[in-house]
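Those protein sequences? They're chains V and D, same order as listed. Counting in this note's numbering, the first sequence runs from 26 upward without gaps. Counting in this note's numbering, the second sequence runs from 185 upward without gaps.
Hints were generated in silico from the structure; no laboratory data involved. All values reported here derive from a predicted model rather than from experimental measurement. Mixed in with the good hints, there may be bad ones.
Pair ranges (Cβ atoms, derived) [as the list claims (entries may be wrong)]:
| id | chain 1 | residue 1 | chain 2 | residue 2 | range |
| --- | --- | --- | --- | --- | --- |
| 1 | V | N50 | D | D236 | 36 to 42 Å |
| 2 | D | W349 | V | P35 | 35 to 41 Å |
| 3 | D | Q356 | V | Y68 | 57 to 63 Å |
| 4 | D | L335 | V | P35 | 26 to 32 Å |
| 5 | D | N259 | V | R100 | 31 to 37 Å |
| 6 | D | V291 | V | L28 | 18 to 24 Å |
| 7 | V | P35 | D | D281 | 49 to 55 Å |
| 8 | V | R33 | D | D236 | 37 to 43 Å |
Short, incomplete list of chain V residues facing chain D, as computed with Cβ under 10 Å [what the hints assert, rightly or not]:
| id | residue |
| --- | --- |
| 9 | R43 |
| 10 | T75 |
| 11 | M80 |
Backbone N, C-alpha and C define an ideal beta-carbon position, used for all residues, glycine too.
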Amino acid sequence: MGLISVERFPMEWRLHIRLLCAARNHVGKNKIYDRIAGNLMAYVAKLAVTEFGLMACLSLRPKTSLASHYCRKYRMNATGTLLSLEVPEINNLINEYCHE
Amino acid sequence: MNIVMNKYLPNTIQDPEWAVDSRYHSADEEKREAKALLKARLQRLKNVSEQDKLMTKLLQIKWQLEDYVKCGQPNKEYGFAYFLATYVDTLYLKRIDFAKDVHISAVLLSQVIGKHREPSLDFILKLMVHSKKVFSLLEPIDVSVWYRIYLLDKLHHTLANQSAWLKQYEKQVKVKAIV
């Protein structure tokens, strides 16, 4: 359904999403399953909180044209070209996708 | 990541939920951005409410408890005493207040956390009830994790000390030939 590649930065209490993709038949108007990307991100967010607690951070660096989508949909914070999720928004992401 | 462009894909490729490639091509740029992000994060952390901080710490404890049980492997750093201390210190400024809430003596609590004494069933049950009440306000927890972690610790300790009991029991236990 989807793939995610994550890099750990323990000294920064951060998990960085290097690659994220959903299968073609789960994207677009005729998608079979929805929220693949969100679920993958929420899984990584949970790993981050489990390991780093209050300092947990999930980061991502999408193309500039796509950044606004992530800021809007996942309430990510923008710092330069990096988007990130920390407490409390990271908990909101986990609540939304991990507790359906 | 190579993205193949063809007449069927051009619209899909713009879908942000399809693919994101956020790898860096410059180590300097990566370091610079990481530094800026850390600075911004530390600033934002100052605005996080005490409620959100407590909630996050409790969620961390919950998921660590669950992972420890799931893993099933011994870990000297963690275990019942570690998780108990973390749980109590997260919720209370003074450990004696936790002891009062669950009707146990502060001395007993200190001995269990210091691994000088094993927790009794009464102790574990009170801890389970306390956890259920705390996490009912947050996210339900399977409170049996506390009992399971205690049993896991006991199992690992027993198996790690086979030299103390194995020979004695080997003399007592016989297996008749089964034909």
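Measuring from the C-beta of M80/V to each C-beta in chain D, is the shortest one below 10 Å?
With a minimum Cβ separation of about 8 Å from chain D (threshold 10 Å), the hint on M80/V holds.
Taking the CB of N259/D and the CB of R100/V, does the distance hold inside 31 to 37 Å?
For R100/V against N259/D, whose Cβ atoms are near 35 Å apart, the range 31 to 37 Å holds.
Holds or violated: is the Cβ of T75/V closer than 10 Å to a Cβ in chain D?
holds, 4 Å
R43/V was flagged as interface toward chain D. Is the shortest Cβ-Cβ separation under 10 Å?
holds, 5 Å
How does the Cβ-Cβ distance of P35/V and D281/D compare with 49 to 55 Å: does it lie in that range?
For P35/V and D281/D the Cβ distance comes to about 33 Å; the hint is violated.
With 18 to 24 Å as the target window, see if V291/D and L28/V comply at their CB atoms.
violated, 53 Å
Falls inside 57 to 63 Å, the C-beta gap from Q356/D to Y68/V?
violated, 50 Å
Would you say the C-beta atoms of N50/V and D236/D sit inside 36 to 42 Å of each other?
holds, 38 Å
Cβ separation of R33/V and D236/D, checked against the hinted range 37 to 43 Å
The hinted range 37 to 43 Å is violated for R33/V and D236/D, with Cβ atoms some 24 Å apart.
Between W349/D and P35/V, does the beta-carbon spacing fit 35 to 41 Å?
holds, 40 Å
Using the Cβ atoms, figure out if L335/D sits within 26 to 32 Å of P35/V.
holds, 31 Å
Taken one by one, the earlier hints fail for this structure at numbers 3, 6, 7 and 8, listed in ascending order.
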